[in-house]
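Trainee: Take a look at the letters that make up each chain.
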Amino acid sequence: MSDLADAFAAAAMLIWSLDQDLVGIVLLSLRVTLTAMAIAAVIGLPLGGALAVFRFPGRSAILITINALMGLPPVVVGLIVYLVLSRAGPLGALGLLFTPAAMILAQAVLITPIIAALSCQTISGLWEEYREQLQSFAARRGDALATLLWEGRIALLTALLAGFGRASAEVGAVMIVGGNIDHVTRVMTTTIALETSKGNLSLALGLGIILISLAMGVAGGTYALKLAAERQRSA
Amino acid sequence: MTGLTDPASAAPAILPLGLEGLVFAAGGKTLIKGITATLSAGSRSIVLGPNGAGKTLLLRLCHGLIRPTGGRIVWKGAAGADPALRQAMVFQRPVMLRRSVAANVDYALRLRDLARADRQQRIEDVLTATGLRRFATQPARLLSVGEQQKLALARAWALRPDVLFLDEPTASLDPAATRAVEEIILRIDAGGTKIIMSTHDLAQARRLANEVLFLHRGRLCEQTPAPVFFTAPRTAEAGYFLEGKLFPQLRRINP
Ligand SMILES: Nc1ncnc2c1ncn2[C@@H]1O[C@H](COP(=O)(O)OP(=O)(O)OP(=O)(O)O)[C@@H](O)[C@H]1O
Ligand SMILES: [Mg+2]
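Here the protein sequences come in this chain order: A and B.
Using the working numbering, read the first sequence as starting at 1 and increasing by one per residue.
Using the working numbering, read the second sequence as starting at 236 and increasing by one per residue.
It is worth saying that the hints were derived from the structure and are not from the lab.
Some hints here could point you the wrong way.
Restraint ranges, calculated between C-beta atoms of paired labels, are given here [what the hints assert, rightly or not]: (1) A:79 with B:320: 50 to 60 Å; (2) B:348 with A:42: 21 to 31 Å; (3) A:219 with B:352: 39 to 49 Å.
Reference excerpt, derived from the structure (chain B facing chain A, CB under 10 Å, subset only) [unchecked claim]: (4) 299; (5) 322; (6) 326; (7) 330; (8) 343; (9) 346; (10) 347.
Beta carbons are placed, not taken as given, at the ideal position from N, Cα and C, and that holds for glycine.
Chain A with its partners taken away, still in its complex shape (with noise of 0.2 Å):
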């Protein structure tokens, strides 16, 4: 009972004294989750709106295969992105397996799928509400499809953070593509699994509470837009 008093004792005492170790893993750990983020939203966006907007041969097999991947397990992406960065794969000659652009292209490739699929169902439920008006201002379908991801962009925000959340909460891709060296590519989530198991209970409790704010952070983000999203609309 002490020692887990002991641990909560000492892993508060290092978030509040800006533990240098602790600091680096959430810094490294906030850049690589945002970062693919960025990039999941610059092609998932786009994806889903056009998947929702035109009607072309192949659209129902992507949206299956967007469905599916959405529910893969990060490991299993991890070692696909593995596979694809190893020396003998096709990117190998980059040399980026164990560097944090393969994690970041890791979480990148596991929450692309989520944005676009949940742009693709928000896009859908604008475009049946403005199909006859755009149509009707002679809006050619690129235009139509711009305008509704501005249009839906509250409710597009909340596809971004649902999509935050499941990358920084994921253990197993970025474990597989980062290796998780000391100082290099050790996130808070990977941090946790090692330190844990070699019983440093401290740093492991420090940085769970710090993703547990963050889960809080994004619970009450994506909470505010529905709020703000409703205003909207009945306005």
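With chain A held as given, fit chain B with the ligands onto it using these hints.
Mentor: Okay, now just chain B with the ligands, sitting in the frame of chain A:
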């Protein structure tokens, strides 16, 4: 008000609009049953008929929002021009974009690739003419239903279309707002834009119509000059409608 008149100064209007055996079927039912008519410039055409007659469908077909399953729509004056760029429509429930009142008008204008100064002038003109100028910077979705309908009119007006379709534009408005909207419609008409409007409000039809197209169960019963239609309609269906009676289900009086 220079910006509001003379919609087709650059080119002759795309009118007349020819409907040639227009048919629309959906869900196993034929909803528009072979409509043939010609709609010419210079008059206000009112599409009249009871609920479910097919007024909205007919306007959507004419405006190109849905494809006919039979027959043709011909813009006889288009002469190679894209008719889609020369028409506008005001819907029963208009969609306001999530941006300011002025930006809503600007959005429609930008899609027609108009220069900024021209757009600004047109926005100023139509917002003034519709009494919405004081709302220019407010979010459009915060406007009341009547104000939104005026904005929909302003947005369509700014495009200076050859033809303006209106689908029951006053259906959810109070009498004062209805009159305000009707006045705007008359001013758009005076600017040279052909008005094609649906309504099931007889009094409104009397106020606005130069000619009436009477629809009943997907058929065009008659296309008649307004003074004739309201005194001596040519078909029994229209007669019943004018008297505020339901058309008898079993008896078919007119082919
Ligand atoms: N896509 C569709 N599929 C099946 N039926 C349809 C479809 N669209 C319209 N209808 C039917 O066609 C008929 C005509 O509809 P429409 O909306 O044109 O009537 P309306 O004359 O505008 O009536 P109202 O005065 O109530 O607006 C209605 O019975 C409607 O249920
Ligand atoms: Mg209707």
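Trainee: Confirm or reject each hint.
Mentor: Hint-by-hint comparison with the structure:
The given range of 50 to 60 Å is respected by residue 79 (chain A) and residue 320 (chain B), whose C-beta atoms sit roughly 53 Å from each other. Between residue 348 (chain B) and residue 42 (chain A) the beta carbon distance is about 27 Å. The supplied range of 21 to 31 Å therefore holds. One distance hint, 39 to 49 Å for the beta-carbon pair residue 219 (chain A) and residue 352 (chain B), holds here, with the actual separation near 48 Å. Interface hint status for residue 299 (chain B): upheld, as the beta-carbon distance to the closest one in chain A is roughly 8 Å, under 10 Å.
Among the interface hints, the one on residue 322 (chain B) holds; its C-beta lies about 8 Å from the nearest C-beta in chain A, closer than the 10 Å criterion. Interface restraint check: residue 326 (chain B) against chain A, minimum CB-CB distance 7 Å, threshold 10 Å, status holds. Interface restraint check: residue 330 (chain B) against chain A, minimum CB-CB distance 4 Å, threshold 10 Å, status holds. For residue 343 (chain B), the suggested interface contact is upheld, since its CB lies about 5 Å from the closest CB of chain A, less than 10 Å.
Taken as an interface hint, residue 346 (chain B) checks out: its beta carbon lies about 5 Å from the nearest beta carbon of chain A, inside 10 Å. Taking 10 Å as the C-beta cut-off, the interface hint given for residue 347 (chain B) holds, the closest approach to chain A being about 7 Å.
The structure agrees with every numbered hint stated previously.
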